[in-house]
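Kindly produce the complete structure, drawing on both the sequences and the hints.
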Amino acid sequence: GQQVMQIPQYQHVQEGEDFTTYCNSSTTLSNIQWYKQRPGGHPVFLIQLVKSGEVKKQKRLTFQFGEAKKNSSLHITATQTTDVGTYFCAGQGGTALIFGKGTTLSVSS
Amino acid sequence: EAGVTQSPTHLIKTRGQQATLRCSPISGHTSVYWYQQALGLGLQFLLWYDEGEERNRGNFPPRFSGRQFPNYSSELNVNALELEDSALYLCASTGGSNTGELFFGEGSRLTVL
Numbered sequence: 002g003q004q005v006m007q008i009p010q011y012q013h014v015q016e017g018e019d020f021t022t023y024c025n026s027s028t029t030l031s032n033i034q035w036y037k038q039r040p041g042g043h044p045v046f047l048i049q050l051v052k053s054g055e056v057k058k059q060k061r062l063t064f065q066f067g068e069a070k071k072n073s074s075l076h077i078t079a080t081q082t083t084d085v086g087t088y089f090c091a092g093q094g095g096t097a098l099i100f101g102k103g104t105t106l107s108v109s110s
Numbered sequence: 311e312a313g314v315t316q317s318p319t320h321l322i323k324t325r326g327q328q329a330t331l332r333c334s335p336i337s338g339h340t341s342v343y344w345y346q347q348a349l350g351l352g353l354q355f356l357l358w359y360d361e362g363e364e365r366n367r368g369n370f371p372p373r374f375s376g377r378q379f380p381n382y383s384s385e386l387n388v389n390a391l392e393l394e395d396s397a398l399y400l401c402a403s404t405g406g407s408n409t410g411e412l413f414f415g416e417g418s419r420l421t422v423l
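Chains as they are written, first to last, in the numbering used here: chain C, 2 to 110; chain P, 311 to 423.
Derived by calculation from the structure, the hints in this document are not laboratory data.
Hints should not be assumed to be uniformly reliable.
What follows is a list of derived Cβ distance ranges for each label pair [as the list claims (entries may be wrong)]:
no., chain 1, residue 1, chain 2, residue 2, range
1, P, R325, C, K58, 45 to 53 Å
2, C, R61, P, T324, 44 to 52 Å
3, P, S337, C, V56, 31 to 39 Å
Okay, derived cross-link-like pairs now, DMTMM-like style, lysine to aspartate or glutamate, Cα gap no bigger than 25 Å in a straight line [to be verified]:
no., chain 1, residue 1, chain 2, residue 2
4, C, K102, C, E68
5, C, K57, P, E411
6, C, K57, C, D84
7, C, K102, C, E18
8, C, K71, C, E55
9, C, K37, P, E416
10, C, K52, P, E411
11, C, K37, P, E363
12, C, K57, C, D19
13, C, K60, P, E392
Remember, it's a predicted structure, so these values are computed and weren't measured experimentally.
Backbone N, C-alpha and C fix where the C-beta goes; we use that ideal spot for every residue, glycine too.
As structure tokens, then:
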């Protein structure tokens with residue numbers, strides 16, 4: 002079945018450093034979504050990418066969808082302590098929305 | 311407007327018992343997803359219901375089952391509980407079968423002793 006892999010599993014950065022998490026699917030996706038889960042909270046939707054090669058920005062966050070629609074990345078510029086949490090990608094390949102295992106980001110000031 | 315609501319918040323059971331978790335989607339949403347979030351394992355897809363029908367199920371044994379009611383609320387049943395079923399069970403709703411943004415509830419924490 003469809004699998005979504007995400008790396009790295011954990012990342013620790015100093016405040017102000019950049020951060021990137023990568024997502025790869027075993028199958029071509031119709032769309033990919035990104036979610037953030039704060040410690041003790043539930044996942045909250047960040048963005049959805051649909052088009053091949055699409056790039057979207059939200060302030061310091063940049064999201065990319067690969068040309069083959071099988072991979073994606075989330076890049077955070079100049080991390081802040083408020084960026085702490087687990088970032089999940091979730092891909093839909095015509096069936097259900099399958100989540101990656103997430104990347105847990107910790108930020109020290 | 312009320313978000314996705316789940317009950318109970320916490321549930322403690324012993325091995326072999328049965329657990330029932332409930333979810334009410336956002337008003338107007340017809341599609342409900344269930345995910346299991348065990349420590350370190352991310353969100354594992356359990357079940358997807360849309361318009362009262364089961365659309366897909368994840369790689370879980372048959373003792374995990376559920377249903378969606380005519381008002382689009384849903385319940386998840388776990389029979390013959392095992393220790394490894396201890397996890398946070400998250401329900402999410404969305405507006406239709408062409409999945410857009412998922413809105414998650416706060417989850418039901420199931421502990422199996």
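Verification of the supplied hints:
Distance hint for R325 (chain P) and K58 (chain C): a CB-CB separation of about 49 Å, consistent with the stated range 45 to 53 Å. As the Cβ distance of R61 (chain C) to T324 (chain P) is approximately 47 Å, the hint placing it in 44 to 52 Å holds. Range check, S337 (chain P) to V56 (chain C): about 34 Å between beta-carbon atoms, so the 31 to 39 Å window is met. Distance check on the hinted pair: K102 (chain C) and E68 (chain C) sit about 23 Å apart at the alpha-carbon level, within 25 Å; holds.
Taken as a hint, the K57 (chain C) and E411 (chain P) pair is honoured in the structure, with Cα atoms around 16 Å apart against an allowance of 25 Å. Simply put, K57 (chain C) and D84 (chain C) have alpha-carbon atoms about 18 Å apart, close enough for the 25 Å limit, and the pair holds. Restraint check for K102 (chain C) and E18 (chain C): the C-alpha separation of about 23 Å stays at or below 25 Å, so the hint holds. Of the supplied pair hints, the one linking K71 (chain C) and E55 (chain C) holds, its CA atoms being roughly 12 Å apart against a limit of 25 Å.
Restraint check for K37 (chain C) and E416 (chain P): satisfied, since their Cα atoms lie roughly 14 Å apart, inside the 25 Å limit. Distance check on the hinted pair: K52 (chain C) and E411 (chain P) sit about 16 Å apart at the alpha-carbon level, within 25 Å; holds. About 29 Å separates the Cα atoms of K37 (chain C) and E363 (chain P), which puts this hinted pair outside 25 Å; it is violated. Distance restraint check for K57 (chain C) and D19 (chain C): the Cα-Cα separation of roughly 17 Å lies within the 25 Å cut-off, and the hinted pair is therefore satisfied.
Distance check on the hinted pair: K60 (chain C) and E392 (chain P) sit about 44 Å apart at the alpha-carbon level, beyond 25 Å; violated.
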